[in-house]
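Protein chains: 6
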Amino acid sequence: MEFHAQLAGRKEKETKSGKPYLEITLADSTGSLTLKAWADHAQYGQLSELKEGAGLAVDGQFTRNQWGIDGSPWSFSLLDPNAMQQLLAGDPATLARQNADYADIEGFVASLHDPRLKALCAHFLNVFGDRFRRTAAARRNHHARRGGLVEHVAQMMRSANAIAGVYPALNRDLMLAGVLFHDCGKLWENTYPESGFTQGFQLSGEMLGHIPLGIELVNKLWRDLQEGPEHESWKALSPSSELVRLHLLHLVASHHGTHEFGSPTLPRTPEAYALHHIDNLDAKYEMMKDAYAKANELAPGILERQFPLPSNLVVPLPSFVQSD
Amino acid sequence: MEFHAQLAGRKEKETKSGKPYLEITLADSTGSLTLKAWADHAQYGQLSELKEGAGLAVDGQFTRNQWGIDGSPWSFSLLDPNAMQQLLAGDPATLARQNADYADIEGFVASLHDPRLKALCAHFLNVFGDRFRRTAAARRNHHARRGGLVEHVAQMMRSANAIAGVYPALNRDLMLAGVLFHDCGKLWENTYPESGFTQGFQLSGEMLGHIPLGIELVNKLWRDLQEGPEHESWKALSPSSELVRLHLLHLVASHHGTHEFGSPTLPRTPEAYALHHIDNLDAKYEMMKDAYAKANELAPGILERQFPLPSNLVVPLPSFVQSD
Amino acid sequence: MEFHAQLAGRKEKETKSGKPYLEITLADSTGSLTLKAWADHAQYGQLSELKEGAGLAVDGQFTRNQWGIDGSPWSFSLLDPNAMQQLLAGDPATLARQNADYADIEGFVASLHDPRLKALCAHFLNVFGDRFRRTAAARRNHHARRGGLVEHVAQMMRSANAIAGVYPALNRDLMLAGVLFHDCGKLWENTYPESGFTQGFQLSGEMLGHIPLGIELVNKLWRDLQEGPEHESWKALSPSSELVRLHLLHLVASHHGTHEFGSPTLPRTPEAYALHHIDNLDAKYEMMKDAYAKANELAPGILERQFPLPSNLVVPLPSFVQSD
Amino acid sequence: MEFHAQLAGRKEKETKSGKPYLEITLADSTGSLTLKAWADHAQYGQLSELKEGAGLAVDGQFTRNQWGIDGSPWSFSLLDPNAMQQLLAGDPATLARQNADYADIEGFVASLHDPRLKALCAHFLNVFGDRFRRTAAARRNHHARRGGLVEHVAQMMRSANAIAGVYPALNRDLMLAGVLFHDCGKLWENTYPESGFTQGFQLSGEMLGHIPLGIELVNKLWRDLQEGPEHESWKALSPSSELVRLHLLHLVASHHGTHEFGSPTLPRTPEAYALHHIDNLDAKYEMMKDAYAKANELAPGILERQFPLPSNLVVPLPSFVQSD
Amino acid sequence: MEFHAQLAGRKEKETKSGKPYLEITLADSTGSLTLKAWADHAQYGQLSELKEGAGLAVDGQFTRNQWGIDGSPWSFSLLDPNAMQQLLAGDPATLARQNADYADIEGFVASLHDPRLKALCAHFLNVFGDRFRRTAAARRNHHARRGGLVEHVAQMMRSANAIAGVYPALNRDLMLAGVLFHDCGKLWENTYPESGFTQGFQLSGEMLGHIPLGIELVNKLWRDLQEGPEHESWKALSPSSELVRLHLLHLVASHHGTHEFGSPTLPRTPEAYALHHIDNLDAKYEMMKDAYAKANELAPGILERQFPLPSNLVVPLPSFVQSD
Amino acid sequence: MEFHAQLAGRKEKETKSGKPYLEITLADSTGSLTLKAWADHAQYGQLSELKEGAGLAVDGQFTRNQWGIDGSPWSFSLLDPNAMQQLLAGDPATLARQNADYADIEGFVASLHDPRLKALCAHFLNVFGDRFRRTAAARRNHHARRGGLVEHVAQMMRSANAIAGVYPALNRDLMLAGVLFHDCGKLWENTYPESGFTQGFQLSGEMLGHIPLGIELVNKLWRDLQEGPEHESWKALSPSSELVRLHLLHLVASHHGTHEFGSPTLPRTPEAYALHHIDNLDAKYEMMKDAYAKANELAPGILERQFPLPSNLVVPLPSFVQSD
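Chains as they are written, first to last, in the numbering used here: chain L, 1 to 324; chain R, 1 to 324; chain E, 1 to 324; chain C, 1 to 324; chain G, 1 to 324; chain U, 1 to 324.
If we strip away everything but chain L, and leave its shape as in the complex, we get:
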């Protein structure tokens, strides 16, 4: 078995009885794994000196025991620049899905009627699109991968669009824009580097959190627009631009729904409650999807609890298919 991966970490360790080894963390766009390299490995010296971030082609037989993954024998070579670029581009299936999701986001933005919200969303995609595409929706728990935020936002936009059809009194423009911006502060909290697969930590994310950062970003983009050519024509519009801005900020500020979950502001409009439930449903849905993929089966159809879900899971009921 051969695979390509980036060296994401390396620690010098010893077994309980003193046998030294290197613990190597390898990552690609789909996740990471940790591998041991024993002192008698042919490339031990070379491994000890690799720079973090190096691209590797790894070849070998691997087994998993309760201590992690072990390979015997295994070897590696450095990736050439072409292969490295492909590695960084990520798993093609994931990439294709995220590209489709991003196109959906652009489509929803194009469908907005309110010229202020439409311009603001477009301005965001224009200026921060690249950073957006390499941001996760969370550090763990759900959509915790490069591009995860794009997937989360696109699915929430589809839900918001569907729910706006069911509740016609909801302001669809506001909800779609609210979905786009609700987690935008995570561009400074859960972002990946341009050439790497390890979520970093940013001081601003730690010290403010994504809700205040998101409010700051919306305000900054809004000020940009005020210096643009269309700004004059917006003064006559109803509802007023200032009211539109406040409602949008309210969605960002209140989307966790309650103080306990970190919203500085409680929802005060129907759109705020709708956004909160759409967000929560998608997060839970993805947690379950991850859990179904990873959890041990305790008995037929029953899977072991996966944090942060509160209980064991049951395999979903297959849809009934009419045979004929």
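Some hints could be false.
[Stated by the list, open to error] Derived pair list, reagent style DSS-like, types lysine-lysine, alpha-carbon separation capped at 27 angstroms:
(1) E:Lys36 with U:Lys13
(2) C:Lys13 with G:Lys294
(3) R:Lys294 with G:Lys11
(4) E:Lys13 with U:Lys19
(5) U:Lys294 with L:Lys13
(6) L:Lys19 with L:Lys36
(7) U:Lys13 with L:Lys36
[Unchecked claim] Derived list of chain U stretches under chain G, where covered just means 3 residues or more per stretch with a C-beta under 8 angstroms from a C-beta of chain G:
(8) 160-167
(9) 171-181
(10) 230-243
FYI, nobody ran anything at the bench for these hints, they're computed from the structure.
Built from N, CA and C at the ideal position, the CB exists for glycine as well.
Starting from the known structure of chain L, fit chains R, E, C, G and U onto it as the hints suggest.
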């Protein structure tokens, strides 16, 4: 101003300084009001002897002060049977909306693919349709009116249908049936009498609550079907009938989402989480709708907090309408 | 040292430095232990091929280190059918205690005055007695052993009987029947197989939990009785059978006492509160008993906290015994 | 209708439209009521000058409206010293019940085997018996009457005795002494004056609460015994006196069961948990008894929620009585 | 008794028995009171037509009954512009105290060493000083008066200064600036109009709350400074301006201490914890001060609980004064 | 590298693959470490027979791997009595700091004006000073070292003194005495032996906790004073001695601030709230100090969360220093 209403209650009271009066509660399908009749009212004696449930045509000039509604002068006459029947039929606009909602429910049931779930839903509407149509979704807070449960279920079915479109892996049949049955125990907790506008209390509702009662009802209907002609043909179907029954019961048992809110069971499938959020969103939406209609304005666009919502409300942002 | 046990599980593992071994789980009626078999064990091959559930006579010298139990040297032979049957029958002392407890339960049932409750309890013991006797009261924490539910129910009946003597207004018949049925849903949540010592997982237990399952069981047994010969004579009794059924179901539905602990219904009668406290006390008492047996001593008379108890424990004060 | 009562309070008030009246609070051993005296009452002047605590014989026709109790016409005369003494002695039925309860407490104390605990309990009854007999178990909610603590302690002792029979490993001496002292700090938190029916407030009760005060009292009584003649002979006893004292204090310190309910210490022994549940059950039982007596019926058999109980109540199931 | 006040509100009401009156709310800088004007009042017509905000000199005899304050007879005249200006300036003692507090704030700002923080604070006082001086620290509970925020901030600065002396490692500059800005969002949540004594509601306060608004304000002022002349010279300073800004924003974002109390961010630096405790202490201290002034005495030295404090209060222990 | 330490513990262990070793715990006044001694160590036999508490001079080369600290080769010799005494005296820097802190405490006690409080504090230092100096402020989390309570109390006294300057109405004497006694119960909960570095467990600490023990200690010391010569002269003082005692006990009883954190009593005076916040701030400050010293850096300036703090930490902003 003249209106028709049913006598829903009557208490003998006195002012602080000893002046006696009757406190009369009048109700129709849209709500109730409380009126004072002073001892010098021309029909005081007649009022004192009316039977609860009598239908009245009330005529007069009414004002509201901080003590409630007072009328001066006002009079009433008894409704003839025709007018009484009309009164019990309820406000035509509400009735029309509830009829449309009920038709939607029937349409969704007709659209189910799984023959077990489809038969179960149809059996429920057949046997308990009338009782369902005079049940509220709650004692207060949201949809607290005769027929409120039909409105709540119909809207949730529309949401479930929309969300199933966004998450194609969800089992649409299961979700729609789950919506229909999730609150069916309320037929013994929040039901209205056949000829009256006051929600009663049932011993079974008090002693078990709507979740255990709902599970009991689903099981009872399921046993009925097992004695029906199609039952034999269902034995070969996949997934098995027993698994379908368990998943449906699971949706009823877990729809409050957490123990704190009274679910004996925590959600263990994606459909259970989806149903929980669809339910919660519709309940909050209706609470807000009621609150916008009733709350005092504290300042332009700001309305006073209405229990059980957690904060003041803000008037929603009007949708932007392109002028041309 | 020789002992008899059933093979309850086997995993292939390796030490940190790559030495392979089998991790064997052996169980009998009093608990389970985990043993390592190294690759150089004389019966390693035979061990690798044993069927789960096999009965073994194990002989050897065992020591416990921080990694678990290790034996050197140890060997095993297969149990003959006789010895296997004895093993499955369980530890004689435990068995004798559970038999006495079961006889107590039968005695309490025989002492009931209300013919409906008496018949219902007897019907339960008749139909489900065997399953009841191999059910635990919980998956862990307290009475987590085959037959544990019988012990828990018998002790609670003794308490309920005693408390009914102290509070004569309490309905003793109702309380004793309530104790018998309060956890009966656990027959599908915490049951052991007929020939094994490992609690299984049932889909119905996962998807509904023992409270809804218990309500369903009581209702099923009740319907059985309605088809019986005495049913006609019960129609004249006071209180009515329907009221008796509701009160009994209420005890099952409310016995966890609060929503947070998973009751779908809050206690609404004195018997419901009494049952809740009697249950809680016995659970805590058994947790402490287990903890006293297992916990490390931190200092003379002080034992280390054992989950789920909230703090360190103190050795109980010995009863004062008059010497003379 | 005539009744005897003590003047427990008097306020000068006016109706909304300016009519002055006196609001008189009258109390006896069973409770209190509030009565209006209008300015035109024949004894208005005399009423205005009565001293608080005066004993009155009140005669008249009384009605209750939503503003309280009103009488027309009514009059009063001062009680003679004999009648006053009878009034202070309290309702004979209550008094008889409390006397029987007190005798039970003395009987349980006499039955203790541990000479230290027996002497301590007897010393408490000896020194603080009178104060104990005029203390309530709470300011409101349950046993909130002169002598209520005696009733609560006696019933808990009967329960503790019964439970010790069911769990023979429990230390019965310790539990009975623990019951006697668990709320003894309330002698400074919920006590009534020697000649009155209104619970006072004591600075020590406010500033420390009954748990620290109870610990202080047990320690004080214990020190008294150390100066007594038997002290020398106790030094040889096992368990040691110091250990007995600590266990007894532990029961006082932990009887609320959790920090949230104000225990500075969490239960660490089986007796501590048992005492906590016995206490809780008796408090809940009395809250229900009061609620059944006071609550409005919402429907046959369903009573309106009474604070601090969490829900509506249901009338208990009458015991089945064999007719023959 | 004569006093000057502003007409802050007027409602038409009736007594229970139908007698009409005006409920007049009068306010000055120290608080407000509600007065009834009966229909037979000599100036009833004039009162009905007064504009809200009018200044009145009120003269009469006033009594308080349980329904509020009533006066008989009373009259009023309109204030001349001079008197009106004096009224708006407020109670001289309060004004003097707030002026001294404001001077303290200016003094602390002048004492800062970090030129960025010093400039930012001065810029705030310069631009928003007037609005700051007419803002309360809360809508109710503590410092709920025009200028209350100045009092709260000044006292907290004195505390921060004192605590920085005790913990020399704390960054005094950062803490003092953090105190000045921690509640600055309240300038849009709890502000008073320029000529009135009634706290208004602002849409931005409702939709964002004071923490996001405060962050927005600090950022706005910071951008202003970046366009100023000193900005260039700051580039070389250490710590960097960006780090200073983040730490200051962190103090604003985290000052409620936990999510439950509405902080979007949890404290991550010692200064953040210190600020949280300094804030909390001053708020509690003022709640107690208000409570001591308002609460009923339940017994000597014991005062009735005042929301939101959790329990009854006890009169503080007077300081011991050495007599000589 | 050589260091002196006390043998605080020894366990016989094996590696996963069966290699035996001794796990040695060595402690000095600054903390403890755990070291492995393999069976081939030259002093293995001697190590196996050392008495706990022996003083050792350890010499060798040490490395830390993920399993703890290992040394190769290392040796030890027994300390002579002189060296042992020095070891027990502790780290000179810590000792000097604690001596200075203790002198501060004595200074604050000397500064009290109220003769009762001053005598009580002096009596405590006199009788329990030594035990106080070897007590920690907690078992873990903060000041968890011999003498930690002295450091905590001294710093809190400095804060209380500073805060009393800012809020002149606070009773400084009461606050300083309250600080001295607030945790004095920990002398039986977190004390170290006279010649050792391992916190023990005391039965009284487990069974009562430090708040009830602290109240008991204050009462005991108070009784001592009542037998002293000054007691007579105190009878005329105002406020009364009894009131002073109650207020001091109130500070001990309420210093955790809420029931959830184990206070049996809620704060009812300004001094009680002030003490609670001063305590909380110092505990949090020390937790952070420990965390900054121990936590892994996740990114520049960001440190990993350390229990019980609720989030990651950020390196504090350095104070600005004017260069010139």
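Results for each hint:
Annotation: proposed proximity of E:Lys36 to U:Lys13 holds, straight-line Cα distance about 16 angstroms (limit 27 angstroms). A hinted pair counts as satisfied when its Cα atoms are at most 27 angstroms apart, and C:Lys13 with G:Lys294 qualifies at roughly 20 angstroms. Proposed proximity of R:Lys294 and G:Lys11 is supported: the alpha carbons are some 19 angstroms apart, at most 27 angstroms. A distance of roughly 18 angstroms separates the Cα atoms of E:Lys13 and U:Lys19; the hinted pair therefore holds under the 27 angstroms criterion.
Only pairs whose Cα atoms come within 27 angstroms are accepted, and U:Lys294 paired with L:Lys13 is accepted, the gap being roughly 20 angstroms. The suggested pairing of L:Lys19 with L:Lys36 holds, with an alpha-carbon distance near 12 angstroms, which does not exceed 27 angstroms. The hinted pair formed by U:Lys13 and L:Lys36 meets the criterion: a straight-line CA distance of about 25 angstroms does not exceed 27 angstroms. Remark: the region 160-167 of chain U is confirmed as covered by chain G, as 5 of its residues place a Cβ nearer than 8 angstroms to a Cβ of that chain, reaching the required three.
Counting residues of the region 171-181 of chain U whose beta carbon lies closer than 8 angstroms to any beta carbon of chain G gives 4, which meets the minimum of three for the stated coverage. Evaluation of the coverage hint for the region 230-243 of chain U: fulfilled, as 4 residues show C-beta separations to chain G shorter than 8 angstroms, against a requirement of three.
This entry satisfies every hint, going by the numbered hints stated previously.
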